[in-house]
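Colleague: Top line first, the protein sequences correspond to chains A and B.
The first sequence begins at 15 in the numbering used here and counts up one residue at a time.
The second sequence begins at 183 in the numbering used here and counts up one residue at a time.
It should be emphasised that the hints constitute simulated quantities derived from the structure, not laboratory data.
Hints should not be assumed to be uniformly reliable.
To be verified - Mimicking DSS-like on lysine-lysine, the simulated pairs with C-alpha atoms at most 27 Å apart in a straight line are:
| # | chain 1 | residue 1 | chain 2 | residue 2 |
| --- | --- | --- | --- | --- |
| 1 | B | Lys274 | A | Lys22 |
| 2 | A | Lys22 | B | Lys273 |
| 3 | B | Lys392 | B | Lys273 |
| 4 | A | Lys110 | B | Lys273 |
So you can see what is in the structure, the chains are spelled out below.
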Amino acid sequence: MKGNFLFKFLLALVLLLILVPAGQILLWSVAERWPWPGLLPESYSLRTVKELLFGSAKLPGLLGSSITLALTVGVLGTVVGLLTARATQLYDFPGKELVSFGAFLPLLVPGTVFAMGIQITLIRLGLSDTVAGVVLVHLIAAIPYCITILTDVTRAVGSSLEQQAMVLGASPLRAFLHGSLPSLMPGILSSVSMGFILSYSQYFTTLMAGGGRVKTLALVLVPYIQSGDRALASIYCVAFVGSALLVFFLFEGILHTVSERSRGK
Amino acid sequence: MKRKWTPFFLLLPFLGIIGVILVSVGNVLVQSLGYIPAFGLTRLTLDYYRQIFAREDFVSALQVSLRLALWSASLACVLGVIIATALVRLKKAGGGVLSVIRLPILTPHAVVAVFMVQLLGQTGLLARVCYSLGWIQDFSQFPQLLYTAGQEGTILAYLWKEAPFVAYFVLAFLSGISDTLGQAAENLGASPLRAFFLVTLPLSLPVIGKAFLILFIFAFGGYELPLLLGSTLPKALPVQAYLSYMEPNLRARPAAMAMNGVILALSLGMALAYWAAMHALAKKVGGIR
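Isolated chain A, as found in the complex (with noise of 0.2 Å):
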């Protein structure tokens, strides 16, 4: 009991400390004026809130075109992730152990080297400084955590219904649909959305790849936080997580409803 008395504040100091830094963002970029040693700003404008909005930034559409880019990658990364998956999980060939060696590769080259190494290559293949050479990019990023995901389900739902299906006489494809896919489901939606926040939040791939020419987010935060302006910073950090919050969160939802929904049948 005593023991479990220390975990309760350990653990509420921990929720402490990752809130308050979260709680604090919303402040400064509303805060016009903070000087120290306020424990709060002295006073509030909506200057950052303008800047953002109708600046020189274009939020909306930066929004956009980051969140198409990061669901690109989150889908793409799901695909290749479930065919890997059905290939390992449903199949038996030589050289299986390689691929999990493989899915975790991306791990452990950096994405610095990594991009840093490809540069050269997209370049040649003409995908320098443009949005296909940074979804690419970026994919290899995603990589090891959706197949990580997809492998988890795929080994839990097995082939067994598609079989059946498939033996009553539908298509392979009409049994994958029908018979796995609702399933799946899940492992699905959590793989783009781990792709989807993996690709939102890269900047030096996104830089290296996409040459600065190819506007995401990330890019254009960092300038921000090295010019020192708090509270633009502050609000671009909240436009970013607040988005990539709310992207995710809408995927939760999508799940909980899918779930809810085959449960009920």
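Mind docking chain B on chain A? Use the hints.
Modeller: What follows is chain B alone, placed relative to chain A:
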């Protein structure tokens, strides 16, 4: 016959991705050995590696990054396991608490940097709290944590983001073990602490080790956080490597790639060490299973 080839077709996109990674690694290695025909460099040599190890900025950057990666990964693992244990003990392995714990995982590194500036800076929130408690009289008395050669700010930033990651990463495994074998040990009379150190922890070591490996390599090769929170000199290794990479003098490119080669070699070396350790551990603990 058709089914025999199906897995290979399914694996094609994956193999393409592996191919891209290998091409990138190959580019780094070949260029670091001084082979860049486009710049008129065609002689293979180890000179560039020798050259960078003679440079003081590189050697200190290497030290900075090693220290940074070791501290942030080990502290994150210790703290993450403690958080996961607390979650298991208090039966909070779901719901609202877990959503909050997940928040740092979803927060991009650049944003974490802003959090840390506002929290740990000499005029940051912590300093203000210390002042209002009367512990310090002036902000200059608050310890300098940001932009230091010791990279304290960077380490704390990684810790903020990665300790919850470790907690999340080991939670399912830890709760499985603690519910079965840990409980069994406690029923047989072991104290919770003994059950944790003698049963739960040893069995979870492979998972914790994997988390450590991922975090070490990430922090060792990470760019944004040391750029935004670290000292201007010495720089962290990836920041230094990028700086050399962007030098207008294209003849500096092989040296930049040699720095990347060193980052790569140490990352893969760490992975090898992990596999060797896990192999040894499996031999030792294997008897229990």
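Colleague: Hints first: check each against the structure and report whether it holds.
Modeller: Status of the hints after comparison with the structure:
Between the alpha carbons of Lys274 of chain B and Lys22 of chain A the distance comes to roughly 10 Å, so the proposed pair stays at or under 27 Å and holds. Proximity of Lys22 of chain A to Lys273 of chain B is assessed by CA-CA distance (about 11 Å); at most 27 Å being required, the pair is judged to hold. Pair hint Lys392 of chain B plus Lys273 of chain B holds up; C-alpha atoms about 25 Å apart against a cutoff of 27 Å. With a C-alpha separation of about 37 Å, the suggested pair Lys110 of chain A and Lys273 of chain B falls outside the 27 Å cut-off, and the hint is violated.
Comparing the model with each earlier hint shows a violation of hint 4 alone; every other hint is respected.
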